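> If you want the building blocks of each chain, they are given just below.
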Amino acid sequence: MNTAASDKFAIRTSALTRRFGNLTATDGIELRIPYGEIFGLLGANGAGKSTLIKMLTTLLSPTSGSAEVGGFDIIKSPGEVRRRIGYVSQLVSADGALTGYENLRLSAKLYGLPATERGERIASALEFMGLADTAHRLVKTYSGGMIRRLELAQAMLHRPAILFLDEPTIGLDPVARRMVWDRLLNLRRDYGMTVLITTHDMEEAETLSDELAILHAGRISVVGKPAELRAGLGAEATMDDVFIHYAGGLIHESGTFSEVARNRRTAQRLG
Amino acid sequence: MKRLIRESAAIVEVELIKLVRDPTEIISRAVQPVLWLVVFGQVLAQVRGIHTGQLSYLAFITPGILAQSVLFSAIFYGIAVIWERDLGVVHKLLVSPARRISLVFGKAVAAGFRGILQAVVIYLVALAMHVSLRLEPLAIFAVLASVMLGSGIFATFSLIIACIVKTRERFMGIGQLLTMPMFFASNAIYPLDIMPGWLRVVAQINPLTYLIDALRGLMISGGESVHGYAVDFSVMLAVFVVLLFIAVRLYPTLAE
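Residue numbers (my numbering), protein chains in the order written: chain A, 1 to 271; chain B, 1 to 256.
There may be inaccurate statements among the hints.
[Said to hold, decoys possible] Quick list of in silico lysine-lysine cross-link-like pairs, DSS-like style, CA-CA up to 25 angstroms:
1. A/109 with B/18
2. A/225 with A/8
3. A/109 with A/140
4. A/140 with B/18
5. B/166 with B/18
6. A/76 with A/8
7. A/109 with B/2
Since the hints were derived computationally from the structure, they do not count as laboratory data.
Bear in mind the structure is a predicted one, so any value in this text is a computation, not a measurement.
The following block holds chain A by itself, in its conformation from the complex (with noise of 0.2 angstroms):
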């Protein structure tokens, strides 16, 4: 796996912000996130949670601040950073029109890794997201939850230190979700990888969480421990009251129409 290895943080921030326009997407974001955590990142649609994964994972140049990932610039060394993360989208990108298998060796190629390698790369990350048996079929007859798994094994494939998942288990079904979340854990488990998730489920940051930020209009409301922020609103405060609290209260009410039909679309593809 790579890291840099002289620092503890894995992805570092500082006064990130992104404009298009008049409207301010991200204002002034800093996070600092260790090696080996898993960062929930949560948000009403439009508070600017996926704009931040884009800056971070290379997509979006910042209008102003800095950050670093696994050590590396993601201005002066975005490919450096590329080398060393690795994606899953909130929408559906795995072809539907190639195996699973077939996926995966594109993702192997762009990725640089050896032909002598390859193989026995794809053939692990087939069994620990429990596709080895359903390699050799076409992507669009997956379920749901195995679209989700293929994903995960393409974003790991490459052994990256970091993996950036944006909203995974949308439109899953409670199965596929803690099949997901089970792959997600034993990465942590397996591998050390640092994982920065983004859902609109509080069950899901609460079990997977180490840490994690609410994101209100553009900015960090907070960041904490689950249990610690749920605590500090009252013995009996859920997740869902700690989301509302720090997420201004506007979780029906905002979210633009392209959002929205995206989010429909990738729940329709999964479903």
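Given the coordinates of chain A, work out where chain B should sit on it, guided by the hints.
Leaving out everything else, chain B in the frame of chain A:
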């Protein structure tokens, strides 16, 4: 260079797998050029209203119809790219350490292979219609190289449009707006010297003209390249390099 080839080959491989698995697009795209040759070409050949030198009208338009087929097939490549963007495939590719030029070049080469399949169909139809084709291996190889280059040009141009418009609906409108004028403002179905002056100027800056010019000399017995092969290939290569440079700059904006 090895990295460029390896990464581009990975993109080409998956495109070809998908094409072989579902060849309906190739079959449906073959219908239009066949109609142009069998119906339009035969009827216009009877009229004898267009002077095409020593070539029959059918022989004259055969390279034009191949180039049209290449243009129409490649120019809608952008739709597939927008579809990949909507699915999240583009995001996945752009987060990988693969170089942007490899991703764009791979798409262009894959479009070239689709163009070659179109060329095979048109060769077969032209032979069935007794068009006198050059069948020397070197000439056929040069035709395939021209088709690869032409497909690469129009697929990359299409990708640039996709990066600018970003939605399928807008792309469809612009795609229709571009293809027919490019086709008619070229030497595909009539020679340059019968065009009005203004149209000839447009045709001279249309890369399709140079593709057709090269194909006419390389594909048809007795055909010749008016501009010369060196000019034809130099123009096409230069256009491809410029478009590739622009596409490499714009492709990452699809994931923003």
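> Hint numbers the structure violates, sorted upward?
Violated: none.
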